[in-house]
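**Q** Protein sequence lines, in the order shown, are assigned to chains A and B. Whatever position you read off the first sequence (first residue = 1), add 45 for my numbering. Whatever position you read off the second sequence (first residue = 1), add 45 for my numbering.
By construction, these hints were calculated from the structure, which means they are not laboratory data. Note that beta-carbon positions come from the ideal geometry of N, C-alpha and C, so glycine has one too. Watch out, some of these pointers could steer you wrong.
Listed next, the stretches of chain B that the computed footprint assigns to chain A, with coverage defined by at least 3 CB atoms under 8 Å from CB atoms of chain A [what the hints assert, rightly or not]:
#1 131-140
#2 270-280
#3 290-299
#4 305-318
Computed, partial: chain B to chain A, Cβ under 8 Å [to be verified]:
#5 Leu-77
#6 Gly-108
#7 Asn-144
#8 Arg-242
#9 Val-256
#10 Ala-260
#11 Tyr-265
#12 Gly-321
In silico lysine-lysine, DSS-like type, Cα no more than 27 Å apart, as pairs [stated by the list, open to error]:
#13 Lys-200(B) - Lys-276(A)
#14 Lys-347(A) - Lys-264(B)
#15 Lys-264(A) - Lys-360(B)
#16 Lys-276(A) - Lys-193(A)
#17 Lys-143(A) - Lys-154(A)
#18 Lys-370(B) - Lys-200(B)
#19 Lys-200(B) - Lys-280(A)
One-letter residues, chain by chain:
Protein chains: 2
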Amino acid sequence: MRRVPEDGRIAARSLIVALLFVTCAFAQSDPLPSWNDGLAKQAILQFVRDTTDSSSPRFVPPGQRIAAFDQDGTTWVEQPIYPQWVFAVDQVKKLAAKNPKLAAAKSFKAVASGNWAAIAALTSNDLERILVAAHTGVTVEQFQAIVKDWIATAKHPRFNRPYTDLVYQPMLEVMSLLRANGYKTYFVTGGEQDFVRAYSEQVYGVPVEQVVGSAGETKYGYAPNGKAILKKLPKVMLVDNGAGKAEGINLMIGRRPTVAFGNSGGDQQMLEYTQGGEGARLMLLVHHDDAVREYAYGAESKVGTFSDALMDEAKQRGWIVVSMKNDWNRIFAFDP
Amino acid sequence: MRRVPEDGRIAARSLIVALLFVTCAFAQSDPLPSWNDGLAKQAILQFVRDTTDSSSPRFVPPGQRIAAFDQDGTTWVEQPIYPQWVFAVDQVKKLAAKNPKLAAAKSFKAVASGNWAAIAALTSNDLERILVAAHTGVTVEQFQAIVKDWIATAKHPRFNRPYTDLVYQPMLEVMSLLRANGYKTYFVTGGEQDFVRAYSEQVYGVPVEQVVGSAGETKYGYAPNGKAILKKLPKVMLVDNGAGKAEGINLMIGRRPTVAFGNSGGDQQMLEYTQGGEGARLMLLVHHDDAVREYAYGAESKVGTFSDALMDEAKQRGWIVVSMKNDWNRIFAFDP
Chain A
46 MRRVPEDGRI
56 AARSLIVALL
66 FVTCAFAQSD
76 PLPSWNDGLA
86 KQAILQFVRD
96 TTDSSSPRFV
106 PPGQRIAAFD
116 QDGTTWVEQP
126 IYPQWVFAVD
136 QVKKLAAKNP
146 KLAAAKSFKA
156 VASGNWAAIA
166 ALTSNDLERI
176 LVAAHTGVTV
186 EQFQAIVKDW
196 IATAKHPRFN
206 RPYTDLVYQP
216 MLEVMSLLRA
226 NGYKTYFVTG
236 GEQDFVRAYS
246 EQVYGVPVEQ
256 VVGSAGETKY
266 GYAPNGKAIL
276 KKLPKVMLVD
286 NGAGKAEGIN
296 LMIGRRPTVA
306 FGNSGGDQQM
316 LEYTQGGEGA
326 RLMLLVHHDD
336 AVREYAYGAE
346 SKVGTFSDAL
356 MDEAKQRGWI
366 VVSMKNDWNR
376 IFAFDP
Chain B
46 MRRVPEDGRI
56 AARSLIVALL
66 FVTCAFAQSD
76 PLPSWNDGLA
86 KQAILQFVRD
96 TTDSSSPRFV
106 PPGQRIAAFD
116 QDGTTWVEQP
126 IYPQWVFAVD
136 QVKKLAAKNP
146 KLAAAKSFKA
156 VASGNWAAIA
166 ALTSNDLERI
176 LVAAHTGVTV
186 EQFQAIVKDW
196 IATAKHPRFN
206 RPYTDLVYQP
216 MLEVMSLLRA
226 NGYKTYFVTG
236 GEQDFVRAYS
246 EQVYGVPVEQ
256 VVGSAGETKY
266 GYAPNGKAIL
276 KKLPKVMLVD
286 NGAGKAEGIN
296 LMIGRRPTVA
306 FGNSGGDQQM
316 LEYTQGGEGA
326 RLMLLVHHDD
336 AVREYAYGAE
346 SKVGTFSDAL
356 MDEAKQRGWI
366 VVSMKNDWNR
376 IFAFDP
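Start from the sequences, fold in the hints, and give me the full structure.
**A** If you want it as structure tokens, here you go:
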């Protein structure tokens, strides 16, 4: 809109109103209210200020502002086991009930047993194989509808709430802050891409095209009505974990992120790859050290392993370790 | 910014200025000046109006507005051979000169011969293999620097201009129009992703994260200074052509495009997949029928084959066939 020339009186009043507005905005709105004041919060705020200030040597042009987030354990609860594994078990049980041949397969047995210790011992790769096998012949859109149905009803065993309630409020605030400052927020998850895409937009405001995850191959074909469809094949294309996260980022984003948030050894290479870019970069690891409000785990956990070596690397490379206990005054939106 | 309350006089003046501005804007600016009035232009303008009008039954919410463009032959010249193949030949020659073992390999010989008929007979898959093989061990960033150097100096044999001058002005206008209306413009190209990303942003305004193309695997590692790097491996991951375009779209975008533009049989499935989505969709094929200003080719061409069957399908499915000769009053920005 073209501005209308204003006379002096109007212009002066305009300036005063604008100043009042700006002052109030600064005084009232903390973009990260669930974060306690501390090094992590200050580092995030300072980084956003610097990278969006065109006079700063740390300025990052808007089109290059990419923030990559791990999902499990970084933006929602991953204990006692990754939500997608619970989904997989539920699905495998359903499918095995219908298909005795599938039920007899070894990997299916392990999963369908519902023995969490045995399931937790599986690798992401195993899980991906089982999941993809379980959904062979299903179209991508049918699969997402299955995930949507599941996630609308499944509940976490400890919190007795939908998994989508178990999202970390402080991380939602960081994602919003980054988006408000011209960052594109991406998921870079070991979870299956088609799974995370079923809820990423609604729950996190991350559109499906900004979800990078483990992926199986698909087969092109036609429905009986002639409509083009893609069916899921039992062949893993990308395991988006560890080094696979850097590869997935290159494949689907094509540039090194500016900001990367993770919480486990599976995120190590994503953070290294982020840091390897030119200019300002910010790397953070969420540390689960709050058994009262969530979980406390690290080197010994099969799920979301945070080894001593990773902690050493974080210190050495200047990554920020976020203590859930000390840095977050609220973990979930439903917390008091 | 909060609006300042205005007195009556100012408000009236404001309204008049605004109306004048809007009227002038409508009268003066045709968003597609290089398009002749005709069915194709009208269909594009109508589609953009409908899908951005929230009162229209064809409205598409902003976050779902995805426009997918083939590159070779749809947004720049692909005759007498795909620019990337010229690049490949130049690179293979250079590498063969340094490495006698590579030079002895059969596929390298065919390419290094510079015999365009033999080269044109290769499939995209062959080309992808050769290119990936030629750049094994090079990091992704080094590869893009090589492409940038090449594209800054290489010239088209007929037009004697850089390939980046041989971009279709009408297509740039469509891309701009779509972006101005909340569409994300993507390339979905049979060309190598890392190749197209080297110039997509500068030449077309398409950011690297919106380039879907053929891709090889990469290997994660560290440079001597400890910096994380990805090296190209001689293993094809995705051939983004034909059915591979639908698969690539699902892998990297995760939703069916709203708009798809192609020009050959390699784009058939992309258009079908686009059309298979719910709600308003627009599918177009550029037809090369202007030997004077560009090239005329179709069913008989090895490069950018536009078969009679494709033409029949276009008619049957209601796709719009754009005649370069009749629909475009200007092809290149340098045209009079």
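**Q** Hints the structure violates: just list their numbers, smallest first.
**A** 1, 5, 7, 13 and 19
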